[in-house]
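Can you make the complete structure from the sequences, with help from the hints?
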Amino acid sequence: MSEELQRQLAALRAEYLETTKQQIQPLQAAADWLAAGTPPESELYALRQRVHKLRGSGGFYGFAQVSEAAAALEDQLLLVLQGGQEYNGRLLGQCACALAEAIDSAR
0 MSEELQRQLA ALRAEYLETT KQQIQPLQAA ADWLAAGTPP ESELYALRQR
50 VHKLRGSGGF YGFAQVSEAA AALEDQLLLV LQGGQEYNGR LLGQCACALA
100 EAIDSAR
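Per numbering that gives the first Met the number 0, the very first residue in the sequence shown carries number 0; after that it's consecutive.
Incorrect hints may appear among the rest.
Unchecked claim - If you anchor each label on the Cβ, the simulated ranges turn out as follows:
(1) G36 <-> R106: 33 to 43 angstroms
(2) H51 <-> M0: 28 to 38 angstroms
(3) G55 <-> N87: 39 to 49 angstroms
(4) P39 <-> E3: 45 to 55 angstroms
(5) A34 <-> Q7: 33 to 43 angstroms
(6) G58 <-> R89: 20 to 30 angstroms
(7) Q7 <-> D103: 17 to 27 angstroms
Calculated from the structure, these hints are not laboratory results. Glycine is no exception: its CB is placed at the ideal position from the N, C-alpha and C atoms.
Next comes the structure, spelled out in structure tokens:
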């Protein structure tokens, strides 16, 4: 890989991280409301969409921890939304916290 291409890739990764780090606070807030009780289904769907994007983009930009943590939360949300599992706010909140931590620790 050429030096120029490496520099461009590093710039894209840095920009991605900067943008993604803006998701930390909303994820921490989501962890709180997930654990507090059963939110409306529309909120769960909206969270699932945001997490799905992080799942794909984390892997694309080389942040496997972000992608894996997002996958864990998305899979749990899908189980609840599709009726395959009862709502467990504590588990969902823990998954949201783990995703926020993965984003925060990404370098």
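A quick look at each hint next to the structure:
no.	hint	in the structure
1	G36 <-> R106: 33 to 43 angstroms	holds (35 angstroms)
2	H51 <-> M0: 28 to 38 angstroms	holds (29 angstroms)
3	G55 <-> N87: 39 to 49 angstroms	violated (25 angstroms)
4	P39 <-> E3: 45 to 55 angstroms	holds (49 angstroms)
5	A34 <-> Q7: 33 to 43 angstroms	holds (41 angstroms)
6	G58 <-> R89: 20 to 30 angstroms	holds (27 angstroms)
7	Q7 <-> D103: 17 to 27 angstroms	holds (25 angstroms)
Checked against the numbered hints given earlier, the structure breaks only hint 3 and satisfies all the rest.
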